[in-house]
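S.K.: Protein chains in written order, with our numbering: chain A, 1 to 527; chain B, 1 to 301; chain C, 1 to 318.
Any given hint could turn out to be false.
[Said to hold, decoys possible] Pairwise CB distance ranges, derived in the manner of DEER restraints:
1. B/Ile214 - C/Gln63: 46 to 54 Å
2. A/Thr47 - B/Ser74: 47 to 55 Å
3. B/Ser74 - C/Glu218: 53 to 61 Å
4. A/Lys127 - C/Ser32: 44 to 52 Å
5. B/Glu199 - C/Gln63: 54 to 62 Å
6. B/Val187 - C/Leu310: 20 to 28 Å
7. C/Ile138 - A/Gly396: 44 to 52 Å
8. B/Leu51 - C/Trp165: 40 to 48 Å
[Said to hold, decoys possible] List time: in silico EDC-like cross-link candidates among lysine to aspartate or glutamate, alpha-carbon distance up to 16 Å:
9. A/Lys192 - A/Asp125
10. C/Lys11 - B/Glu130
11. A/Lys471 - A/Asp178
12. A/Lys439 - A/Asp455
13. A/Lys142 - A/Asp159
14. C/Lys11 - B/Glu129
15. A/Lys127 - A/Asp166
16. C/Lys97 - C/Asp174
17. C/Lys97 - A/Asp211
Please keep in mind that the hints were generated in silico from the structure rather than gathered at the bench.
Glycine is no exception: its CB is placed at the ideal position from the N, C-alpha and C atoms.
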Amino acid sequence: MKHDESRGSTWQATDLPRRQALRRLTAAGAVVALGKWASPLAAAADTPRVGGRIRVASVASSLVDTLDPAKGALSTDYARQYMVYSGLTQFDSRLGAQPGLAEQITSDDATLWTVKLRSGVEFHDGKPLTPADVVYSLLRHKDPAVASQAFTIAQQFADVRASGPDQIQIRLTAANLDLPVILADAHFLIIKDGTTDFRTAVGTGPYRCVDFNPGVRTVGRRNPNYWKPGRPYLEEIELIGIGDESSRVDALLAGDVQLVNGVNPRSVRRIRASGDCRVHETPSGLYTDLVMRQDMIPTGNPDFVLAMKYLLDREEILRAVFLGHAVLANDQPVPPSSRYFNPQIPQRVHDPDRARFHLRRADLPSGARLAMYASPAAELSVEIAALIQDSASRVGLDLAVDRVPPDGYWSNQWRKHPLTFGNVNPRPTVDMLFSTFFKSDSPFNECGWKNARFDQLLLAARSERDDEKRKQMYWEMQAIVHDQCGLAIPAFNSILDGLDRRLKGYGSIPIGGLMGYNFAEYVWLDT
Amino acid sequence: MSPQAIPSPEPQLAAHSPETGSARRRRSRIALSAAGRVGLALVVFWMIVALLGPWIVPHRPGAVVSSEVFAPMSLRFPLGTDFLGRDMLSRILIGARYTVGLALAAALAASLAGTVLGLLVAISGRWVEEAVSRILDAIICIPSKIFALVMVAAFGSSVPLLLLTAAISYTPGAFRIARSLAVNLSVTDYVQAARVRGERRLHVACIEMLPNMIHPMLADFGLRFMFIVLLLSGLSFLGLGVQPPAADLGSLIRENISGLGEGAPAVILPAIAIATLTIGVNLMIDALPGRGRRTERGGAA
Amino acid sequence: MSGSIPSLIAKRIAAAALTLLLVSMIVFSITSLLPGDAAQAALGQNATPAALAALRAQLGLDQPAIIRYLHWLGGLLTGHPGRSLSDGLPVSVLIAKRLPESLLLAGLTTAVSVPLALALGIVAAMYRGSWLDRALTITTLSMVAVPEFLVATAGVLIFAVELHWLSALTFVLDHPTFGQLLRGYTLPVVSLCFAVTAQMERMTRAAVIDQLNQPYVEMAALKGVGLSRRVLVHALPNAVGPIANAIALSLSYLLGGAIIVETIFDYPGVARLMVDAVSNRDMPVLQACAMIFSAGYLGLVLIADVCAILSNPKLRRS
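Same shape as in the complex, but just chain A:
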């Protein structure tokens, strides 16, 4: 139906000024840092209207709500922060990096990068943006006292300093071609030099923060001096969090809110039937996976791992849990929508006989009752676990489901037992995905596997400038993960947002819901 549910790949380049988007360096050896603009917007038919007020409900809101980009951890935080701050770069619909506060980012060797700041940008209080603000915003993540969520990533900033009135130099500890994309991440949004008080926000973003009440709401009012001329469109946005999914959807259908994220596949039918609202589906790299720890018994046994992978009835999970709002996955984390996706790996299917065979070889102690730890914290993992439990009972494997509350799940359960569920948000690049969750020495290596060949390919790919060679490396890495890693990945979830039909300009940035948390600067309200 129409362009509401159209897929990310069909976007066309549109109305945004392109002249500043691209500035290819022709000098020999120079690296083109910023990619081709892929607008997250559907081909806009109407002229955006300025004015109007909307209320947006995200999935959670509590006292830990924050305006500090270093502390942001939930979609509500990211949405709030993208509303009031801008980054050096921005994601486009293919998760490429586009110029933001940085007019251009260049490097010859992918290690020493030069950032040229856009001129004439002002903070909400009128202070002009300077290199000092950028240096402060980036370097604070390295300070353990800040307790930044981006602490690990920021360790690769060897040095960040001002190199001119509108220039910053970033020296990395090792070559990384993906720096422009990394800088689009919500944690690296730019704040004012020296900011330590985050009870309110003074940023350069599309909306000024006029009210911030943790656990209750955030109100942003249109920033008339926003650095993108003509934008944003809405007069005011109120952002709230509604933890309960059915309440959130009810609020949308009742007209109390105009945009929600985290829609359960079961609510899609109801939203579509309403007439006033629609569902926006974004295929993404988001997945919920069964983590089998390689350093524990019996999950460290390769036969057990294979048995579980064959046990998984992906078709049934896709149908019953996701109601079709997902695509099949193949026990490796790169989604089919990625240009580095390896289509040559045969799809693993539900095969009880092979599962039985491998279970016998795994030689489990008789009477052992293994528990799978699932939690609402890992999206739909409780439902997936219930289906796996049933599939397992049919091949004679007694699995229990241990559902635990969402709070504390990530620190106390995830990866702490032989069988737990993980939930991995889309990452802008394959490198970030592999480095964070699959590299042998990463603190987030989910199943604790170690593969020397994989690590070696990962490092090589990071600085490989020949895209075809890079692709071959990523293909091989996907095959290795598919065959050997202790993860069963049943499906890539679609991101489902619900919105009022009068809300226009909405599109997909497949990093997360709410247009990759960036809806604020794009949407407008039709009368």
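Since the structure of chain A is provided, determine the placement of chains B and C on it from the hints.
M.R.: For chains B and C alone, coordinates are given in the frame of chain A:
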């Protein structure tokens, strides 16, 4: 949901004429009203379901048997299917077992603990009374759902833990009633007489007082059962019910709540199950003889 | 009036202080058993040992639990209930934002449910045994027998989603008009009324019937005093004790027990604050909420007992 903690206040403040103990001893006239018979029938029905559930389920309650979620009632699935396409009849049969079993055990534990503590206080000195009362007051002060939330977060959700949590939450209420009954009884002639005879305290408590407390405590037990059923369903809303793929009746409502908009039997039927169970228990209690407080007791005295 | 009431109040306040201390100890002991702490809760999936250590030091979580408890207790006694571990705001500021909202919701619910329950209970008692009494019994039992999240959700579906008469969420407004209050608060208030009215109605009915069966009221009946006069003038004043007690217990539910309604209507009350505090392992906030609920409960029970004494000459004299 019910007011947490204490469903019923102390049966009477001192001002209200206490039940005259000896007159009420061993009154065994069983004459259930029509409403009482309906209540009894409902309770017996659910007891039978709870007992036989696992042997009469048509499908494994965890098995996805239909590609249609929230299917309406049909010959193949008499009670429709749930949010994953599982058979609702099977799930309700098993769910009733959890709800009835858990609530029964927890109410029993709470009433027993309350009665024992009530008697203990009645025959002990002031300091014991103060200590027990303060501790139980402290428990009653903490909202039961939040208490359960913390307990589940600390110890993980399991049937024994839910049982224990519900029992702890409802012990203070049972205690208050038992204590006030015991205090009233301790000033009756025959208890005083027993004391004068030089009977030991334990004897007085068990032989003279306890039998006279059984009827009112039984009535209170029924109420407590109902409130525990409702507490459990409240907990399931907070995601703290029994472990999947099993589900108590409250969890069944909760997990299928998104089917409410389309009137799915998967959410309506478990609600009816809870309602008939709790109303049945109440009607039965109301009709019980000698339950003292909420019926026309004066006429019988 | 004799000295019994002031001395009762003094005794109760002393006992309440002790109870509150016990509550804080119980809450503290259970929460110290919770896996994880505020630092882990804040960092979530991205927690690394270095970041954890830094945040723990920042929040003072590197100190032993007992020291933190004593520190908190000392602060409370000197009027400083501490700062939230989640957002660094003083607990008093957080509570000051949330408590009025909780009280507003509880107050509105009280204003609707108490008169309703009393009226229904008295009518049921007057016509006990009649079809009206039975109908009321079944109705009130059914109200309490349906889980309140189902009542609330069904109400939202019908009156907010389908009819658009009422709001699906309850927003806090600075100066709400009557219309706005009606639109926003009707559904949560009705949901809560479902939960508390039945109990009060049943107890009122029982207490009034109890009095109607007393010899002095039966005597009045023999003298030809009409039914409504017997109920209102003779029975009701003497039934105040148990009724007040039932009301107190039901109302104490409206603060902490409102968690489900607060969640469904996204209402920023104290119960949700407390659940948040559990999730975020935010000890000072959790303790403050526990203190408020407990004090509310103890206060209500005390008021009920004072009512009982005042209404009863026998007790007043004793």
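S.K.: Run every hint past the structure and note whether it holds.
M.R.: Structure-based check of each hint:
no., hint, in the structure
1, B/Ile214 - C/Gln63: 46 to 54 Å, "holds (52 Å)"
2, A/Thr47 - B/Ser74: 47 to 55 Å, "holds (52 Å)"
3, B/Ser74 - C/Glu218: 53 to 61 Å, "holds (59 Å)"
4, A/Lys127 - C/Ser32: 44 to 52 Å, "holds (46 Å)"
5, B/Glu199 - C/Gln63: 54 to 62 Å, "holds (55 Å)"
6, B/Val187 - C/Leu310: 20 to 28 Å, "holds (24 Å)"
7, C/Ile138 - A/Gly396: 44 to 52 Å, "holds (50 Å)"
8, B/Leu51 - C/Trp165: 40 to 48 Å, "holds (46 Å)"
9, A/Lys192 - A/Asp125, "holds (10 Å)"
10, C/Lys11 - B/Glu130, "holds (12 Å)"
11, A/Lys471 - A/Asp178, "holds (15 Å)"
12, A/Lys439 - A/Asp455, "holds (6 Å)"
13, A/Lys142 - A/Asp159, "holds (10 Å)"
14, C/Lys11 - B/Glu129, "holds (15 Å)"
15, A/Lys127 - A/Asp166, "holds (15 Å)"
16, C/Lys97 - C/Asp174, "holds (12 Å)"
17, C/Lys97 - A/Asp211, "holds (14 Å)"
In terms of the numbered hints stated before, the structure departs from none.
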